[in-house]
Amino acid sequence: MWRFFHKLASPRYFYDIAGHLIPWLGGLFAVLLIVGLYGGLVLAPADYQQGDSFRIIYIHVPSAWMSLFIYVVMAGAGAIGLIWRIKLADVVAASSAPIGASFTFLALVTGSLWGKPMWGTWWVWDARLTSELILLFLYLGVIGLYGAIEDKRSASRAAAVLALVGVVNIPIIHYSVEWWNTLHQGPTVTKLDAPSIHISMLLPLLAMALAFMFYYATALLLRARCEVLERERHAAWTQELAKQWEHQ
Amino acid sequence: MAPGIPHACLTLLKRDLLLAVRRRNEVINPILFFIVVVSLFPMGISPERGLLQALAPGVIWVAALLATLLSLESMFRSDFEDGALEQMLLSPYPVTFLVHAKVLAHWLVTGLPLLLIAPLLGVLMALPEQAMGTLLATLALGTPVLSLVGAIGVALTVGLRRGGALLSLLVLPLYIPVLIFGANAVDASAANLPIAGQLYILGALLLFAVTLAPIATAAALKISTG
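One line per chain: the protein sequences are A and B, in this order. Here the working numbering is used: the first residue of the first sequence is -13, the next is one more, and so on. Here the working numbering is used: the first residue of the second sequence is 313, the next is one more, and so on.
One or more of the hints may lead you astray.
[As the list claims (entries may be wrong)] Have a look at the derived ranges for each label pair, beta carbon to beta carbon:
no., chain 1, residue 1, chain 2, residue 2, range
1, B, 365, A, 33, 50 to 58 angstroms
2, A, 7, B, 520, 25 to 33 angstroms
3, B, 404, A, 111, 47 to 55 angstroms
4, A, 35, B, 365, 36 to 44 angstroms
5, A, 71, B, 359, 32 to 40 angstroms
6, B, 522, A, 139, 26 to 34 angstroms
7, B, 316, A, 157, 32 to 40 angstroms
8, A, 227, B, 402, 53 to 61 angstroms
[What the hints assert, rightly or not] Covered stretches of chain A, as calculated for chain B (at least 3 residues, CB under 8 angstroms):
no., stretch
9, 12 to 22
10, 72 to 80
Hints were generated in silico from the structure; no laboratory data involved. Note that this is a predicted model, so its numbers are computed, not measured. Where a beta carbon is used, it is the ideal one built from N, C-alpha and C, also for glycine.
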């Protein structure tokens, strides 16, 4: 078991294993996406108040979840890279940042599209919208720092420190913004005892959430493979790979 | 045996203050910036007292944020360039404590003057008199947080040639809680509402930043200097 993890942490084995995993993860993503979209857009009934425009939650809510989840993954991977100097953790953190920023952006855009018919305006300074916007700024800061430092190793470590500072700050920012101004509707799914969302609407949402998760895994591995190749371009095994490709 | 940690921190503090006195212009510029930015608002919006009064807390606080941001670079930049920073990191003292001394020096040189100038700007922005004390209290609690959190950002970007724009992207989002509670407390006291809650939270943020920010700064400095 431990040997497997040690092997996995070496860029070379990771490159192979990720290559095998990507088609499966991508396939699961596609299946879940189709199931979730069909369930959400066709099977689920229209909302009695919001009509069909509620259906945007099937994109909006999973994106918002992923935006937070990926930030935590990025900070966690960054911390692992900082503490145990595992190269692969750096790679995972570096590859997560753009994906997370995209999900944050998607959540903001879909929220704004939904806000137009519901609240009558594209943008309100509502607490959750604002904290999502700040989350996007935090992502952009991390990406900017990655881009600014030339040496990849120290770029990863600096970005990891920033991501950790961000993780500590996210709850503070979230609650201060919440306290400052809120208009957003309360959570409808996380109230575990009695979710205020009907099961026919909930199931597609969960399918979409899983689909997004698999999308993240797929995209992460794709990006990480590239990143590994780039960082290890002088290693013997990448040179060998390059030779193999030349022969083909 | 090397002298103790308090002695080392005190020496560093004295040195930084002395350097600041020798480079007066650099110290004064952010404060002038603070005054100029605030005085632009009445000209850009309207000299009407009611409107200014409503805008005053936010404008003064945002200007304080930007003035701090402007002054942050001086915290580590010159030390990085002349190698003094590397010597500090190589010294036998824990970097976290040295960072405390440096941040304190920075706050004494930039945060404290903002505090002294703020009442004047309050007058310019037609801030009611009962809110003046709150403005000072929130700035007294808030500006050290700005220096502490800003230090992390500077430490991360000190090795870069053009870190300025990036620094604002890194640091400003982290300043938001201080801005919200600071400006809100001033707003509330202008309306004769209780402000204890906001001040407690600012105090908590300060304690939190004093405890954790220097650790992150020390880690970032070690990364930046390689």
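Verification of the supplied hints:
The supplied range of 50 to 58 angstroms is broken by residue 365/B and residue 33/A, whose beta-carbon atoms lie about 44 angstroms from each other. Distance hint check for residue 7/A and residue 520/B: the Cβ-Cβ separation is about 41 angstroms, which falls outside the suggested range of 25 to 33 angstroms. Remark: the range hint 47 to 55 angstroms for residue 404/B to residue 111/A is upheld by a beta-carbon distance near 50 angstroms. Remark: the range hint 36 to 44 angstroms for residue 35/A to residue 365/B is upheld by a beta-carbon distance near 40 angstroms.
The beta-carbon spacing between residue 71/A and residue 359/B, approximately 59 angstroms, falls outside the hinted interval of 32 to 40 angstroms. At about 31 angstroms, the CB distance of residue 522/B to residue 139/A agrees with the hint of 26 to 34 angstroms. A hinted range of 32 to 40 angstroms for the beta carbons of residue 316/B and residue 157/A is consistent with their spacing of about 37 angstroms. A hinted range of 53 to 61 angstroms for the beta carbons of residue 227/A and residue 402/B is inconsistent with their spacing of about 41 angstroms.
Given a C-beta distance limit of less than 8 angstroms, the hint that chain B covers the stretch 12 to 22 of chain A is violated, as 0 residues qualify and 3 are needed. Check result for the stretch 72 to 80 of chain A against chain B: violated, 0 residues qualifying (beta carbon to beta carbon below 8 angstroms, three or more required).
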